[in-house]
Each structure stands twice: as structure tokens, then as C-alpha cells.
Amino acid sequence: NAGVMQNPRHLVRRRGQEARLRCSPMKGHSHVYWYRQLPEEGLKFMVYLQKENIIDESGMPKERFSAEFPKEGPSILRIQQVVRGDSAAYFCASSPVQGQYSNQPQHFGDGTRLSIL
Amino acid sequence: AQSVTQLGSHVSVSEGALVLLRCNYSSSVPPYLFWYVQYPNQGLQLLLKYTSAATLVKGINGFEAEFKKSETSFHLTKPSAHMSDAAEYFCAVSRASKIIFGSGTRLSIRP
Chain A
1 NAGVMQNPRH
11 LVRRRGQEAR
21 LRCSPMKGHS
31 HVYWYRQLPE
41 EGLKFMVYLQ
51 KENIIDESGM
61 PKERFSAEFP
71 KEGPSILRIQ
81 QVVRGDSAAY
91 FCASSPVQGQ
101 YSNQPQHFGD
111 GTRLSIL
Chain B
118 AQSVTQLGSH
128 VSVSEGALVL
138 LRCNYSSSVP
148 PYLFWYVQYP
158 NQGLQLLLKY
168 TSAATLVKGI
178 NGFEAEFKKS
188 ETSFHLTKPS
198 AHMSDAAEYF
208 CAVSRASKII
218 FGSGTRLSIR
228 P
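Chains as they are written, first to last, in the numbering used here: chain A, 1 to 117; chain B, 118 to 228.
Hints listed in this document are in silico derivations from the structure and should not be mistaken for laboratory results.
Keep in mind that a hint or two might mislead.
Said to hold, decoys possible - Here are the simulated lysine-lysine pairs, DSSO-like style, with alpha carbons at most 30 angstroms apart:
(1) A:27 - B:166
(2) B:186 - B:166
(3) B:175 - A:27
(4) A:71 - A:27
(5) B:166 - A:44
(6) A:51 - A:27
(7) A:71 - A:44
(8) A:44 - B:186
(9) B:175 - B:186
(10) A:62 - A:44
(11) A:44 - B:175
(12) B:166 - A:51
(13) B:185 - B:166
(14) A:51 - A:71
(15) B:175 - B:185
(16) A:44 - A:27
(17) A:44 - B:185
(18) A:62 - A:51
Input sequences plus hints: build the corresponding full structure.
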């Protein structure tokens with residue numbers, strides 16, 4: 001499967017724990033985007049990364065959330081000290097070119113469903 | 118600022134009937150517009166995209182959308198609904214490095 005791979009598909013955490021969500025982009029894609037989907041809502045942009053760089057994090061909460069896309073390995077979305085309100089589906093997308101070429105569609109993974117007990 | 122508005126959070130049609138899902142955009146410049154479909158517990162799949170080459174855009178699974186600048190609309194249609202079309206549909210506009218999604222329309226198909 002050469003698509004965007006996210007894992008785990010489902011993640012359960014207790015309040016106060018850390019959640020780590022992983023995303024491997026499509027082969028040949030070096031641009032990664034994270035989105036959050038709350039129940040019964042559309043997707044909301046969180047962050048855009050290229051290898052080793054955060055390009056746009058205007059949608060990231062200021063506290064507890066961080067993202068990285070290292071030179072080797074998958075992109076990681078990290079949520080520290082999770083709270084009930086973090087329960088959502090988190091989607092990763094990738095594209096082959098820079099976001100400024102806005103006609104290029106982003107390819108989405110199947111998401112990670114995060115549940116906070 | 119660019120955004121999209123989807124009219125109707127839930128649309129129900131009979132199998133074989135016309136599907137019409139509405140989307141209006143607001144943009145100060147010609148936009149790049151997309152329709153995505155989301156099946157339960159899956160990610161988003163691109164149905165079609167508008168990039169100014171043609172106002173009538175054909176996508177996968179028999180869907181198409183027409184860009185109407187005078188109405189700032191990009192409605193999604195399919196002549197004959199199939200049971201497998203039941204899903205959530207999102208209209209979206211591209212802005213710089215991010216995609217702005219509408220709130221979605223859930224399409225139900227009645228046998």
C-alpha cells in the first residue's frame with residue numbers, strides 16, 4: 001500500500017497521559033499536514049511540515065501539542081497531558097509539492113481515533 | 118479570506134435519484150476548489166478538483182461539479198444515486214499551504 005499510513009488506528013489514553021500519533025507520507029511526498037476532526041464536524045487544519053521544518057502551525061493549540069517531521073522516519077503529532085476535549089479523529093495528509101501550489105490535492109490517511117478516558 | 122459553506126448537513130435521496138450537494142465559496146481571488154468523500158472510519162478521498170481549466174469538472178464514481186463564478190458556487194451532482202454513495206461529503210478550498218473544509222454533508226440513500 002503506497003498511500004498515507006497512520007498508526008495506530010485507535011488510541012485510548014487516560015487524562016494526563018501522552019498521546020503519540022504517527023504518519024508516514026506517500027512515497028515521494030515530503031510535505032505533511034495534520035488535521036483534527038471533532039465529532040459531527042469537518043476537518044480543521046493544525047500544522048504543515050516539511051522534512052525537519054514546521055512551515056505553518058497556525059492551527060495548533062498553543063499548549064500541550066507539538067509536531068515534528070524528522071529527516072528519517074514518520075511525522076509525529078504529540079499531545080501531552082491529554083484532556084477529554086482532545087478526543088477526536090486526527091488525520092494526516094501529504095502532497096508532493098509545496099503548499100503554495102494550491103491546486104495539488106492532499107492525500108489523506110485513514111486517521112487515528114483518539115479516545116480519552 | 119477564503120472559506121466554504123455547505124448547505125444542508127444531511128441529504129437523503131432514493132436510489133437512482135439525482136444527487137445534489139451544495140457548496141458556496143467566498144474568495145477574493147479565483148480559488149482552487151475540491152470535493153472529498155469520507156466513508157465511515159476512513160480518511161478522505163478526493164472526488165474532484167477545480168483548477169480553472171474548465172468550469173465543469175468530472176470526478177470519480179460518476180460525480181461532477183460545476184464552477185459558477187456568478188453564483189460563487191461549486192455544487193456536486195450525480196445523475197443516479199447508488200447505495201454505495203452513502204457517505205460524508207466535504208467541499209474544500211485551498212488557501213496557501215492548508216485546505217479549508219466545509220462542515221460536511223451526510224448523504225443517505227433510501228432503497
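Quick rundown of the hints versus the structure:
no.: 1; hint: A:27 - B:166; in the structure: holds, 22 angstroms
no.: 2; hint: B:186 - B:166; in the structure: holds, 15 angstroms
no.: 3; hint: B:175 - A:27; in the structure: holds, 26 angstroms
no.: 4; hint: A:71 - A:27; in the structure: holds, 14 angstroms
no.: 5; hint: B:166 - A:44; in the structure: holds, 19 angstroms
no.: 6; hint: A:51 - A:27; in the structure: holds, 14 angstroms
no.: 7; hint: A:71 - A:44; in the structure: holds, 26 angstroms
no.: 8; hint: A:44 - B:186; in the structure: holds, 26 angstroms
no.: 9; hint: B:175 - B:186; in the structure: holds, 17 angstroms
no.: 10; hint: A:62 - A:44; in the structure: holds, 15 angstroms
no.: 11; hint: A:44 - B:175; in the structure: holds, 26 angstroms
no.: 12; hint: B:166 - A:51; in the structure: holds, 27 angstroms
no.: 13; hint: B:185 - B:166; in the structure: holds, 14 angstroms
no.: 14; hint: A:51 - A:71; in the structure: holds, 6 angstroms
no.: 15; hint: B:175 - B:185; in the structure: holds, 15 angstroms
no.: 16; hint: A:44 - A:27; in the structure: holds, 24 angstroms
no.: 17; hint: A:44 - B:185; in the structure: holds, 26 angstroms
no.: 18; hint: A:62 - A:51; in the structure: holds, 22 angstroms
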